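In the order they appear, the protein sequences are chains A and B.
Numbered per this note's numbering, the first sequence spans residues 14 to 276.
Numbered per this note's numbering, the second sequence spans residues 91 to 511.
Everything labelled a hint here was simulated from the structure, so no lab data went into it.
It should be emphasised that the depicted structure is a prediction, and the values quoted were computed from it without experimental measurement.
Ideal Cβ positions, reconstructed from N, Cα and C, are used throughout, including at glycine.
There's no promise every hint is true.
[Said to hold, decoys possible] Label pairs and their computed distance ranges (CB to CB):
#, chain 1, residue 1, chain 2, residue 2, range
1, B, N240, A, P69, 31 to 37 Å
2, A, R210, B, G266, 53 to 59 Å
3, A, P187, B, N351, 51 to 57 Å
4, B, G242, A, F240, 29 to 35 Å
5, A, P69, B, G242, 27 to 33 Å
Now for the letters of each chain:
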Amino acid sequence: MLARKASVTTSWFLVVIGSLALCGCAKPPPQPIVEQPPAPQASEAGSLPAQPTEMPKLPPPRLEDVQQAVTRVFKDAAVIDGSRSASFLVGDFNGDMSQDLAVILKPAEGKLGELNQEFPSWIATEPLEDLLRSKSKALAQPVAARPSNSTAAGQTIRFEKSDVLLAIVHGYGPKGWHDPDATQTHLLRNIVGTNMRVLPFEAVAKAYKGVRPFPAIYGDLIRQTIFGESGFIHFTGGVYGWYDPRNFKSGPIPAHSAMSAMK
Amino acid sequence: MKLLKIAMLLLFAAALVLPFAFTSSVEGQSASEALATQMDARLPDTDLFNNFGTLGDPIDECTNPPVASRSFRDNKAIFEEREEVDEGLGPTYNDTACSSCHQAPVTGHVSQINEFRMGSVVNGVFQAPPGGQTLIQDRGIDAEAQEHPNTGLNAEEARSTRTVLGDGFVEAIANGTLQINVANQPLAQRGQLRTVTVLEAAPNTRIGRFGHKSQHASLISFSADAYLNEMGITSPLQPNENNILGVPVGAFDTVADPEDNGEDVEAFAAFMRALRVPGRGPINANVIAGESLFNAIGCAVCHTPQFTTAPAGTLINGGAFIVPVALGNKIIHPFSDFALHNIGTSGGIGAEPGVNDRFATTTIALWGVRTKHRFMMQGNTHTIFDTIQVHAGQATTARNLFNNALNNTQKNQLIAFVLSL
Numbered sequence: 014m015l016a017r018k019a020s021v022t023t024s025w026f027l028v029v030i031g032s033l034a035l036c037g038c039a040k041p042p043p044q045p046i047v048e049q050p051p052a053p054q055a056s057e058a059g060s061l062p063a064q065p066t067e068m069p070k071l072p073p074p075r076l077e078d079v080q081q082a083v084t085r086v087f088k089d090a091a092v093i094d095g096s097r098s099a100s101f102l103v104g105d106f107n108g109d110m111s112q113d114l115a116v117i118l119k120p121a122e123g124k125l126g127e128l129n130q131e132f133p134s135w136i137a138t139e140p141l142e143d144l145l146r147s148k149s150k151a152l153a154q155p156v157a158a159r160p161s162n163s164t165a166a167g168q169t170i171r172f173e174k175s176d177v178l179l180a181i182v183h184g185y186g187p188k189g190w191h192d193p194d195a196t197q198t199h200l201l202r203n204i205v206g207t208n209m210r211v212l213p214f215e216a217v218a219k220a221y222k223g224v225r226p227f228p229a230i231y232g233d234l235i236r237q238t239i240f241g242e243s244g245f246i247h248f249t250g251g252v253y254g255w256y257d258p259r260n261f262k263s264g265p266i267p268a269h270s271a272m273s274a275m276k
Numbered sequence: 091m092k093l094l095k096i097a098m099l100l101l102f103a104a105a106l107v108l109p110f111a112f113t114s115s116v117e118g119q120s121a122s123e124a125l126a127t128q129m130d131a132r133l134p135d136t137d138l139f140n141n142f143g144t145l146g147d148p149i150d151e152c153t154n155p156p157v158a159s160r161s162f163r164d165n166k167a168i169f170e171e172r173e174e175v176d177e178g179l180g181p182t183y184n185d186t187a188c189s190s191c192h193q194a195p196v197t198g199h200v201s202q203i204n205e206f207r208m209g210s211v212v213n214g215v216f217q218a219p220p221g222g223q224t225l226i227q228d229r230g231i232d233a234e235a236q237e238h239p240n241t242g243l244n245a246e247e248a249r250s251t252r253t254v255l256g257d258g259f260v261e262a263i264a265n266g267t268l269q270i271n272v273a274n275q276p277l278a279q280r281g282q283l284r285t286v287t288v289l290e291a292a293p294n295t296r297i298g299r300f301g302h303k304s305q306h307a308s309l310i311s312f313s314a315d316a317y318l319n320e321m322g323i324t325s326p327l328q329p330n331e332n333n334i335l336g337v338p339v340g341a342f343d344t345v346a347d348p349e350d351n352g353e354d355v356e357a358f359a360a361f362m363r364a365l366r367v368p369g370r371g372p373i374n375a376n377v378i379a380g381e382s383l384f385n386a387i388g389c390a391v392c393h394t395p396q397f398t399t400a401p402a403g404t405l406i407n408g409g410a411f412i413v414p415v416a417l418g419n420k421i422i423h424p425f426s427d428f429a430l431h432n433i434g435t436s437g438g439i440g441a442e443p444g445v446n447d448r449f450a451t452t453t454i455a456l457w458g459v460r461t462k463h464r465f466m467m468q469g470n471t472h473t474i475f476d477t478i479q480v481h482a483g484q485a486t487t488a489r490n491l492f493n494n495a496l497n498n499t500q501k502n503q504l505i506a507f508v509l510s511l
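With the rest of the complex left out, here is chain A (with noise of 0.2 Å):
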């Protein structure tokens, strides 16, 4: 009987032992987890270097470095327009501290198809085409109308074999256009004029004075004078786009309507 009673209470306490046990095992109340505070390393290894204030120096622009830059970006579609006095300028156009080129193009012999490509590595625009349009009437050839029902997903315009291109390659680093990441290019069509000149960003607002609207200047401007009226090619932030004083529309703030971006 003694025996039976001590098994028993034997069982009831390892049974109790084996409950305190789990209660030890058991999830403590939760506490809250905090968010760690950001670590400052971290954000100063991030840190983008500063954006150089001053453009490097680099020597005046060869034929031959023009010709290879045009090469890296456009393959053999287009060639320097030989029948220029002067087929290249360069500047900061984009305003980005690094040395851009503007080279006039045409499309080379048997290569439009290349040129109309319809993923190029360029962006192709046509910033008089307002202006031409209106014009239009007055020139020998009607503008050649963009085909409205494309459904590429890339490149719409399509050049013809008589076009005048002006392409503007992005500078990439201290090296400028000569390095040989430097393929972010502009090409524009029917843009062309006469005179052709740099006018440097420090020297707009002189050249500029009292002439409102205007628009924002991003970096140097490439002045020259198209259809009899002077003014400039300039930056716009995304693309390149035309200024004259007399058909310049838009004030300097198109801003918080619908096209506010758009030049």
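With chain A held as given, fit chain B onto it using these hints.
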């Protein structure tokens, strides 16, 4: 002996119950996908609601006017509510409601509206306009309150509306998660994360993630900022009115500050926290192939495809907010690293503390991008192809790989992928 037996029995019962009494349920051990909206305005509010808080009853201005922070539907109504002059609108402002900009296709997403900033650059150094504010408000409550930035400012920048869909999940990403992601980026593409003050928990700081310059880390801070700068309404966290290019607005301001006692700001933040993430469009073989290419050429370095939010119960925002179950341990696909990069597309409007490159901008989240046709920070490209082409600076390698390493089929696939987001 009988007493001993009873005592033993009670002890046994207690021992059995104890482990369960002190064990809480283990939630969210494995992360799950965040709820996504179909971004279809024809669907009911339930398609937007991510279960943070309560959905609430439909709001009717006559019978059931909105009450701040009562429910998702209350907060949505407040987010959509048009402010009036006697409620503090202006004196300078951009629009009258949060949903004026964050509207299409559903409340909280985007619109065609850009805000506008100006400044001047002298010898390569940026200077803010008179009064120190680069944001030029487009409207005024009085003709004389209209800002006219014709004071020699030569730098301008448009800033397109960013989506706030899914922003509650973005807020719930832990600092360390963002920092590890950036630390793993190649040096040439590495972004800069900003450490900013959490306004409601000042002086505590956190990694910024909202705005074109990652200037805010919490949705309360972001809401208070937007209420002031976009609608001209002051609140306890932003108690001072803007000026009119340096001219005080006192002559036009008849409502005592703070014009909002903080309830609206709380309601805006609560609404955004309860929004689902943008859902994907149709996914086909081209889209799947395009996703691989997107990753392979390096787009995904900055457009980070996936984050997991902090676990539910995590105290964030400098201690001001606890991540709720609806937002905790959720997998999201924002396609942004929320870091600043210079990719050569901003207007260079600077004056941001701690940012040493005025051209740097926060990677735009690509989720929901298929509802837009104006891309980049300034909204000045209209096709994905042109958008890829204007990427420069730190994105040069990825752009060059798109141009040179992919054939036309692959380029179309990559574009199809982006347009599926």
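To see whether the hints hold, each was checked on the structure:
1. B:N240 to A:P69: 31 to 37 Å: With a Cβ separation near 34 Å, N240 of chain B and P69 of chain A satisfy 31 to 37 Å, so the hint holds.
2. A:R210 to B:G266: 53 to 59 Å: At roughly 54 Å between Cβ atoms, G266 of chain B and R210 of chain A fall inside 53 to 59 Å, so the hint holds.
3. A:P187 to B:N351: 51 to 57 Å: This hint holds: roughly 54 Å between Cβ atoms.
4. B:G242 to A:F240: 29 to 35 Å: Since the Cβ atoms of G242 of chain B and F240 of chain A sit about 30 Å apart, the hinted range of 29 to 35 Å holds.
5. A:P69 to B:G242: 27 to 33 Å: 28 Å, holds
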